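Since the structure of chain A is provided, determine the placement of chain B on it from the hints.
There are 2 protein chains.
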Amino acid sequence: MKITIAQINPIVGDIQGNLEKMVGILSSTSKDKPDLVVFPELSLVGYPPKDLLEREWFIQKTKTSLQKLFKISNDYPDIGILLGAPLSTGKDTGKGLYNSAVLIYQGKILATQHKSLLPTYDVFDESRYFAPASEIHTIKFKDEILGISICEDAWNDPELWPKRKFYAFDPIAQLAKDKATLMINISSSPFFMGKEEIRYKLIENHVKKHKVPFVFVNQVGGNDELIFDGRSLCLDKEGESIAVFPCFKEHIQTIDTSVRGKIKYAPQDKVESVYEALVLGIYDYMRKSGFSKVVIGLSGGIDSALTCCLAVSAIGKQNVLGICMPSPYSSEGSIKDSKKLAQNLGVDFRVIPISGIYHSYLETLKTDFKGKLPDVTEENIQARIRGNILMAFSNKLGHLVLSTGNKSELAVGYCTLYGDMAGGLGVLTDVPKTLVYKLADFVNRKSEIIPQEIVVKPPSAELKPNQTDQDTLPPYDVLDQILQCFVEEVKSPEEIVKLGFDRKMVQWVANAVDRSEYKRKQATLGLKVTSKAFGVGRRMPIAAKFEE
Amino acid sequence: MKITIAQINPIVGDIQGNLEKMVGILSSTSKDKPDLVVFPELSLVGYPPKDLLEREWFIQKTKTSLQKLFKISNDYPDIGILLGAPLSTGKDTGKGLYNSAVLIYQGKILATQHKSLLPTYDVFDESRYFAPASEIHTIKFKDEILGISICEDAWNDPELWPKRKFYAFDPIAQLAKDKATLMINISSSPFFMGKEEIRYKLIENHVKKHKVPFVFVNQVGGNDELIFDGRSLCLDKEGESIAVFPCFKEHIQTIDTSVRGKIKYAPQDKVESVYEALVLGIYDYMRKSGFSKVVIGLSGGIDSALTCCLAVSAIGKQNVLGICMPSPYSSEGSIKDSKKLAQNLGVDFRVIPISGIYHSYLETLKTDFKGKLPDVTEENIQARIRGNILMAFSNKLGHLVLSTGNKSELAVGYCTLYGDMAGGLGVLTDVPKTLVYKLADFVNRKSEIIPQEIVVKPPSAELKPNQTDQDTLPPYDVLDQILQCFVEEVKSPEEIVKLGFDRKMVQWVANAVDRSEYKRKQATLGLKVTSKAFGVGRRMPIAAKFEE
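Chains as they are written, first to last, in this note's numbering: chain A, 1 to 548; chain B, 1 to 548.
FYI, nobody ran anything at the bench for these hints, they're computed from the structure. From a predicted model like this one, the values you see are computed outputs, not experimental measurements. A few of these clues could be false.
In the DSS-like style, the derived pairs of lysine-lysine whose C-alpha atoms are separated by at most 27 Å in a straight line are [unchecked claim]:
1. A:K91 with B:K163
2. B:K71 with A:K545
3. A:K142 with A:K270
4. A:K293 with B:K372
Here are some, though not all, of the chain A residues that point toward chain B, as calculated from beta-carbon distances under 8 Å [unchecked claim]:
5. D51
6. L52
7. I542
8. E548
Don't be surprised by glycine CBs; every beta carbon is placed ideally from N, CA and C.
So that you can see chain A by itself, here it is in the shape it has in the complex (with noise of 0.2 Å):
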């Protein structure tokens, strides 16, 4: 059978631009005359479309847009349309909706098939708006009989859940016994490092145990913290790629999945992967939000000059404003390193000393902190200084700001409420600091762009006399270890220090991890690229004691 793969990038909500886009491809892959378009899980309104779900009116334009598209149909007589849109049940009682994959074809609904396994963890809710389908079953189309399923439908393979399976019923072993003779899934499985070549593997199996072709359609772009990877594939009955998409990017492309496939799949590099996401990460929250351009604090350290390439990267130098803001405290190479990073980038820079502000506010609060010693307080004030005068920058000129603070920190409350946190949009949010590191050898790879100076000094806030990041924290070689085993691997620190870390150092992370709860609950919204970001996927209590 002659597929179109429509790896798409749709606009949560934009129902009418998401159509216009389906019908776009239509028209033009119609030359390849394709029996099947096939476009992503819910292409229809984007992925995830959260609460919208549950408007009225919301679900009342996805009929009507899908009736339109019964028209075109008829437009293209040979070609059947399958794409994803929440379908309302018809029933009273239950959730009102399915998640559902539909086939249009010659001005009708030829078939649908609901989604059975609801994903409700991490940063997935699907049982708070859908109903799961009670049966499963294939569709005669053509001269195939289609196993249509779900994204999260193909991902009940006991090999992936060592632990425990989070489903009794595998969809794709009912397809594949009511004699399917090519699989189909539509996904929106968003981008974590890593996450790729476990999606290979699962779809490999079931070919291997099923020995039937897998098309797997996956919805690219960035929604919120949430980035799509794309990476559809098509594999033959023996295992064999037919074809496997790009990353990060639309692409649309006619295949047979009668042929044999030919082409070596090998994973994207895991830094590099990284580094594209975050790229696609800034350009669609901007591009769907209305930005598009952006101002970010330049602060002489890592965390900043890798923010303010990757912004490149995603929107092009002349959109991208950096201002080295400095203090008291600022060592002379901060505003030097930060200027030859623009300059190597080509981005506007600004020098905006903030020590006359800072000191207006030491003069204003002078009689109330009277015999107090300075502390921390002192530090935020100079942190929060900074954040204003971007948010100033983003008011009067319409710039968004990035905050550039980096995973590590964000976990263990290294970091400033309205100060460095402050901003649209976390780049780093999700990227631990050895992670930083390695992305910024990426960005050097062939010419030095961020400059030398910056990749070696030790990590400062320089919010205080000769501060370094290791007067407060473990070295960031071991932070990362623990934070990837307690906050990804949802070990216990029990469990750590069996690993072979400190015992003090373990607990000193979990508690501090624990503790910052509250800030990470007024961070801005951050880009996910590991199995498990703070923000939405990871829902912990504030008002709470305990101690892991």
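Chain B alone, transformed into the frame defined by chain A:
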């Protein structure tokens, strides 16, 4: 049957502390010789425990604490103990936990009943953590056949869900069918204004339908955004009240379920209930996260005045610091009125003018902003200076900053990120402006605590000359009605226009609400007092494109 209803206030995560509280109650109530002591839903761990439920050590600790309770129950061989706890399903497929009622008697578990209906909407995420019960059954205990249910299990009353029944199954009807002679529902049912009456009606309906006495045991206390009002009940089989517990406080009382009810139930006054909810919300947030004092920015407006009154009610005047931070645009009255309020309440009060700091910002930015007219930028700078000063006091003195913005402002984005939105707890986050006035009247019901000047002055942010809120916003009485329809009742603009509101105004409000989602993403945790608050119960996309 003699039942001790233990309307307790557990701390989330504090399994050891909650256990000790239960054991203390067991000891003190034993003199009343009850047959059964009943604690609320998930009382051993506090509700909602959120992702702590995904920690193995947490579930392990629950187990060992239950075992301790087995032993202790031997000291009270005539008393059954019914409490809520997460229990392992013992299955390696599906979610691994039940939300269970556990009946402990004479050293062991006599019976368990798992929750059948798992709320997964608004603020509730139970399908994220729990598997539903596979069956519900009555339990013979002493002379009664107990019909035990957990919170939502009692909420499948078609009368309450005119549009849609969430569940096909009615656990209470099943228990009645199984010949329960006494219904017991353990709950952690959070407060919103007017919910008490709905809940009473719900239980009354069950009793009238099944002619069996009903004991309802609810958690009390503030846990992050949620405030639990308690208000436990016992109705006799005719629907008359045997016991009506107080709202918003712990209460332990032994009742006899076999007597005829003689208490006349009357719901608490709605405005008073919100006042008490907010007081408990402040008190518990502080207690449970280790704060004893607060600092509040007093603007001379009604929001900060009310917040200050609530804080005094919650933690006493000696623990409240009010700071007035006049800018060049503050009226003379603002300082005077704030001072008078502080005097009336007896709280510490300081005036810290921000003009010096403000001018140092303008001076610092004058080159960069040259030729650009003053706009919202300069307004926000002032608000953010205040945020920075309040946070400096928080850092220096260890006080919690209470944020004072109301729901109407937050809804339409009439507030400044990192400015007036700064703080550790948003007291009025879910209180519409018109309700702020009603609460102020409630405060002043006996004597003028909030100066009349504050009550009658036109609301103003005082961030530019002669500014009032109504320059920008619709009149608050209209705005709040539209917001009630749009946010709480999730009506579409079209439906709201049909109710008689001006189309342009409705569309402006809807757009303003949707456009401000990015601000609310970073809002402080705010106390929920209506049926639909911003925050965890309302999940909207940000980088999206839709017009409601």
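Here is how each hint holds up against the structure:
{"no.": "1", "hint": "A:K91 with B:K163", "in the structure": "holds, 11 Å"}
{"no.": "2", "hint": "B:K71 with A:K545", "in the structure": "holds, 25 Å"}
{"no.": "3", "hint": "A:K142 with A:K270", "in the structure": "violated, 40 Å"}
{"no.": "4", "hint": "A:K293 with B:K372", "in the structure": "holds, 18 Å"}
{"no.": "5", "hint": "D51", "in the structure": "holds, 5 Å"}
{"no.": "6", "hint": "L52", "in the structure": "holds, 7 Å"}
{"no.": "7", "hint": "I542", "in the structure": "holds, 5 Å"}
{"no.": "8", "hint": "E548", "in the structure": "holds, 7 Å"}
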